[in-house]
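Enquirer: Chain by chain, the residues run as shown.
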Amino acid sequence: MYDSVKTTPLHEWHGKVGANMAVFGGYDMPLWYPTGAKQEHMAVLTGAGIFDTSHMASVTIDGPGSFDLLQGCFTKDLSSCIGKNKTPIEDGRCVYGIFLNRDGTTIDDAIVYRMGETSYMIIVNAGMGGEIADHLKAHTGNLEAKITDLTDRLGKIDVQGPLAARILQGIIKKSDDVFQKMPYFSFKGHFDASSPLSETVRLTNDTPLLLSRTGYTGEFGFELFMDASHLTSTWEMILDAGSDFGITPCGLAARDSLRAGAVLPLSHQDIGHWPFLSNPWLFALPYNEERSGFTKKFLGDEALRTAEDIEYTYPFAGYDLRKVSTQESACVFDSQGKEIGEVLTCATDMAIGRVGEKIVSIASPDKPQGFRPRGLSCGFIKVQSKLFSGDIVEIRDSRRSIKVVVVDDIRPDRTARRPLNDMVWKREEDI
Amino acid sequence: MKEIDELVIPGDARYAESHEWARLEGEDVRIGINDYAQDQLGDIVFVELPEVGDTLEKGEEFGTVESVKAVSELYMPLGGEIVAINVDLEDTPEMVNQEPYEGGWMILVRPSDQDDWDDLMTKKTYLDFLKGE
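So the sequences go chain by chain: F and H. Just so we're aligned: the first sequence equals residues 0 to 430 in numbering that gives the first Met the number 0. Just so we're aligned: the second sequence equals residues 0 to 132 in numbering that gives the first Met the number 0.
No lab work stands behind these hints, which were simulated from the structure alone. Careful: at least some of the hints might be erroneous.
Said to hold, decoys possible - EDC-like, lysine to aspartate or glutamate: derived pairs with alpha carbons at most 20 Å apart:
1) F:Lys402 x H:Glu47
2) H:Lys1 x F:Asp27
3) F:Lys15 x H:Glu47
4) F:Lys187 x F:Asp61
5) F:Lys15 x H:Asp38
6) F:Lys15 x H:Glu2
7) F:Lys187 x F:Glu89
8) F:Lys425 x F:Asp176
9) H:Lys1 x F:Glu11
10) F:Lys15 x H:Glu5
What the hints assert, rightly or not - Derived contacts from chain F toward chain H, CB cut-off under 10 Å, selection only:
11) Ala18
12) Lys37
13) Gln326
All C-beta atoms, glycine included, are put in the ideal place defined by N, C-alpha and C.
With the hints as extra help, turn the sequences into a complete structure.
Expert: In structure tokens:
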């Protein structure tokens, strides 16, 4: 199968700097760079990290039927999804949701971007572009919607961490305009130079970007989309601009530990071939205010409404950094020693530790003086019986058994939702 | 990831297929994991070692090393009694990455069978073994 392993245009760069590589989602990707995954993880909390995420796939839908097609196939209700007042999606906004099978199981999770009234972009996981495009085509029916799989035609770079905007400000034209009024889950610009939207966000070398205030770390930052031919030059430009800020290239290991601590699911591991129910990510479903039903019809809704014998997915945190391995299988036992389920993800968030029972992060404003955490294991379990925050369970692999606690949240004081205005350089007269 | 010719593989130690190194010190043998192993594992965040006084056989698991990526077993390159363990690794497991043959050593063993030592690979045979892997 070696021939079928794909690479991103930055593959040579990763090799040149000595990254430790592994195949993920069909792509040979960096696991970590010589800096090491621990420092990479820390950099995203305290400075900035840069990730090559060009393995992720993108699909576009264009035409008057696009909205209805997405309403029928994507779990988020696009007519009521923005802000507290649940207003309809608008140009420049994006939302997280799920593509379900008719039986309520997950095909993939995705972020849907509204590029225009009849034009959407969908970002799905590595290797999923073809499958999601086929799925949408199969459900297009009489709708007028053109579906295009852009797999391997786009480059994608994530710049994550509290210094992300300050670094990008130095290399984006008219950055004062770009970096304002850009709430979490919004975007500006376009990667296609022929789109009028592409005038909004250009690098100083004129490369058009789609700049999205999203990410997979729980921290403040951006995802940048560009034509694949501009990936390497953009990567090097950001590294150069970020060198004074200690920008750190980060691999998939840090990406995994950061997202686990931020309670974000990995598709096909934490969500997958079981009904998308009773998990920490139900905000992806279009529940009505009373949570008695859904605000729209969509593929899989009936199965979710009538599901029986559902399993429950919960985040957990450990008491030290030791993990169990989920490569074989790791099981969950309740306080009576009864086996109740399996471990989906177990990673170590190396930036957190316990002060008494409370979890504290190196980025917590109220951390004790001299706080130097060793890290805590954390992740997700899927169990047959209902558990509550604070319940202690044991997770066990062939090697060891560790005590962990069911929690609502893991890494505290994350920066993803911080007001943009606090995260940018202000012009001198504003200071 | 280091290329084979970038690895530090000291000539005064012997090596096991599971990438432990062993170095004679008088009657005892000092043991750790080699540069190839630490490079493959990435940041080591926790090391579990046996108790002093334990007697373990060649090939038996003597502990685990936990990296950000995974938890891996450590195997006895030769059988014998554990006469010392590196207690410093409890607070500074990163020593295994930084100086695998010095501050990152793991156990000191009194071998029970001299033949075990002779079975271990020299630097040259170990490097040939790595190239074939």
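Enquirer: If a hint holds in the structure, say so; if it does not, say that too.
Expert: Comparing the hints with the structure gives:
1. F:Lys402 x H:Glu47: With a Cα-Cα distance of about 17 Å, the restraint between F:Lys402 and H:Glu47 holds, given a limit of 20 Å.
2. H:Lys1 x F:Asp27: holds, 16 Å
3. F:Lys15 x H:Glu47: violated, 34 Å
4. F:Lys187 x F:Asp61: Cα-Cα ~18 Å, so holds.
5. F:Lys15 x H:Asp38: Roughly 16 Å separates the two Cα atoms, so the pair holds.
6. F:Lys15 x H:Glu2: holds, 11 Å
7. F:Lys187 x F:Glu89: Holds - the C-alpha atoms of F:Glu89 and F:Lys187 are around 12 Å apart, at most 20 Å.
8. F:Lys425 x F:Asp176: holds, 12 Å
9. H:Lys1 x F:Glu11: holds, 15 Å
10. F:Lys15 x H:Glu5: It holds: about 14 Å lies between the C-alpha atoms, which stays within 20 Å.
11. Ala18: Constraint on F:Ala18 satisfied, holds at 7 Å.
12. Lys37: Hint holds; F:Lys37 Cβ to chain H Cβ min 4 Å, cut 10 Å.
13. Gln326: holds, 7 Å
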